[in-house]
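Protein sequence lines correspond, in order, to chains A and B. Counting from 0, one number per residue, gives the positions in the first sequence under numbering that gives the first Met the number 0. Counting from 0, one number per residue, gives the positions in the second sequence under numbering that gives the first Met the number 0.
Please note: incorrect hints may appear among the correct ones.
Pairs count within a copy or across copies, as identical chains cannot be separated in the list.
[Stated by the list, open to error] Result set (SDA-like, lysine to any residue): computed pairs, CA atoms no more than 20 Å apart in a straight line:
(1) 271 x 251
(2) 300 x 264
(3) 326 x 78
(4) 271 x 252
(5) 288 x 179
Think of the hints as simulated: they come from the structure by calculation, not from any bench. Here the structure is a predicted model, which means the values were calculated and not measured.
Number of protein chains: 2
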Amino acid sequence: MHIAVDAMGGDRAPAAIVAGAVAAARHLRFGLLLVGRSEAIEAELERARGLSRLDVRTVNAPDVVDMAEPASAVRRKPGSSLRVAADLVASGEAAAMFSAGHTGAVVLTAHAAFGMIDGIERPALATTIPTRTGHAILIDSGANLCCRPQHLVQFGAMGVTLARVGLGIAGPRIGLLAIGEEETKGLELAREAHQRLKRSGLPFIGNLEATRMYAGDAEVILCDGHTGNLALKVSESLVDALEGLFVREMRRSLKARAGLLLSKTALLRLRKRVDYAEQGGAPLLGLRKICVVGHGRSSAKAVRNAVALAHRLAEGNLVGALESELKMAAV
Amino acid sequence: MHIAVDAMGGDRAPAAIVAGAVAAARHLRFGLLLVGRSEAIEAELERARGLSRLDVRTVNAPDVVDMAEPASAVRRKPGSSLRVAADLVASGEAAAMFSAGHTGAVVLTAHAAFGMIDGIERPALATTIPTRTGHAILIDSGANLCCRPQHLVQFGAMGVTLARVGLGIAGPRIGLLAIGEEETKGLELAREAHQRLKRSGLPFIGNLEATRMYAGDAEVILCDGHTGNLALKVSESLVDALEGLFVREMRRSLKARAGLLLSKTALLRLRKRVDYAEQGGAPLLGLRKICVVGHGRSSAKAVRNAVALAHRLAEGNLVGALESELKMAAV
């Protein structure tokens with residue numbers, strides 16, 4: 000099995016992308032198709048160890064979609080690393096793809112190249128977040144700025160399958176992210192989605208007030224992509240700031256200062272656990288092929304985790320599981 | 000000067016409300032009009048100390064707007080503590096009001112009772128948040144689920160005045176909360192507001208990507224009320240969860256465990272600093288009178304801070320400052 004990797008997407012591309020992808024391939028023994036400017040990729044590969052026993056190939060793609068361009072720029076760039084990577088998956092040469100590039104462009108490209116599963120109208124990003132009691136899947140975390148109520152129901156069905164098949168969570172519960180617990184609160188989208196979810200037969204527990212997002216009340220948290228993306232980004236910012244504030248608070252007393260030294264490892268481990276950039280990628284659900292999207296700031300370690308996830312979801316046949324579950328649920 | 004306090008609003012009403020309001024009045028030497036069910040309020044007052052030297056009066060109001068009711072329920076309840084408190088301010092008997100009740104009902108009531116300042120079309124909640132470098136004002140943090148671009152410009156003008164007059168921040172900068180740094184990213188509201196802010200003459204620094212919300216790049220952070228409310232609630236949830244996760248991480252090693260004990264005070268102080276429920280209230284800006292809205296979970300300490308804020312803003316004539324600045328800016 001080969002995974003196609005967009006080696007040019009992300010703030011630290013191609014260095015972090017190539018290093019991370021090779022690490023995953025070495026660990027899990029799968030093949031890689033590294034897509035992008037051959038020279039740049041080969042320069043990075045020269046630094047990698049133990050390549051001789053791996054099936055790593057470079058696929059040349061001269062263009063790159065820049066972060067400042069509109070997502071639609073990808074349509075004018077058939078030679079972009081993103082398009083070439085997606086084509087490799089569409090043609091069956093690769094079993095899944097990964098990109099840490101322009102999220103909007105990845106969604107457009109993957110959508111056009113792979114098509115949708117029956118019963119799903121829009122692809123959605125599913126990001127795993129830590130909670131007080133374990134993990135939850137936030138869906139949609141950024142693929143669709145605007146959604147309709149029925150899209151949220153479809154996201155719910157996919158989230159439940161991903162939680163079971165991808166994360167091994169038995170009996171996942173769905174919560175609808177909202178600014179109030181009551182059904183009457185929030186925007187029209189949330190109110191209408193609430194009614195549809197109630198009737199859907201899915202394991203829906205009702206509105207999940209945003210004050211409980213990380214509490215562990217639900218394993219699948221539904222929202223539109225703008226809301227989900229904002230929630231993740233605000234969280235990222237808060238973790239950054241809290242770390243600074245915590246260190247400052249600790250420095251105020253000598254006793255606490257000693258505590259800081261002793262708790263440094265815990266702080267570091269916690270950071271890694273909640274850091275969106277460290278956690279690897281989010282699968283883009285609803286497509287006929289596996290596409291994992293990475294954070295723009297992805298480190299080599301995050302890329303390793305994301306590429307490993309793409310491999311795991313392809314090997315576990317997530318698309319097949321989604322198709323059969325959706326057929327049964329008939330959402 | 001008297002402050003009218005809705006003694007019945009909030010999860011811990013009337014106990015926490017009465018205790019907090021009395022503490023503020025005792026500390027800052029102003030009068031109180033405690034509005035609600037007389038018997039319940041007087042029972043709480045019996046527990047308070049040093050009342051004899053204070054001007055604390057009870058104003059009877061038999062009704063309460065319940066959190067589960069729609070905001071408009073307040074229209075059918077002229078005898079609610081909220082309406083009676085607002086009327087005391089409208090008639091000039093009190094200089095400002097505080098309520099930790101149903102936010103939507105507070106906004107409706109204050110809007111109807113006080114009217115708007117010239118040049119402002121919608122009242123907006125302005126919540127102070129901690130940042131890496133100090134504080135920032137998030138506006139609107141929950142008064143308007145939907146906004147138009149010109150509303151955000153008006154909120155910006157008010158935020159700048161509040162930052163200067165209320166928080167003593169010299170040269171506050173305005174950032175527009177968005178899911179991307181680029182002007183082209185985000186929803187139509189954000190794109191159009193961005194263009195208007197650029198032309199407004201206000202100290203606008205551009206989009207503030209949500210990953211930088213707590214970074215200290217801007218002292219006035221603009222968004223619609225749904226986005227702002229969600230951002231605060233997600234933050235609250237994350238702080239809750241992080242505390243739990245941090246303690247769990249620390250317990251994993253003996254060394255870190257010692258660190259936890261030593262850093263307990265720092266953790267506690269940090270929690271208070273970022274805890275929305277601890278921080279007191281948010282002024283509802285744009286009205287001809289001062290109204291401070293408290294978090295539903297307000298503790299006595301939070302109420303004390305919020306009532307003190309209402310007093311400070313009334314004494315500092317925030318409404319006059321807003322009116323004259325808006326006349327000059329002609330937003």
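Hint by hint, here is what the structure shows:
1. 271 x 251: between (25 Å within a copy, 15 Å between copies)
2. 300 x 264: Only inside one copy: residue 300 and residue 264 sit 18 Å apart there, 34 Å across copies, limit 20 Å.
3. 326 x 78: This pair counts as neither: shortest intra-copy Cα distance 36 Å, inter-copy 55 Å.
4. 271 x 252: between (26 Å within a copy, 17 Å between copies)
5. 288 x 179: neither (36 Å within a copy, 27 Å between copies)
The structure fails hints 3 and 5 (numbered hints given earlier, in ascending order).
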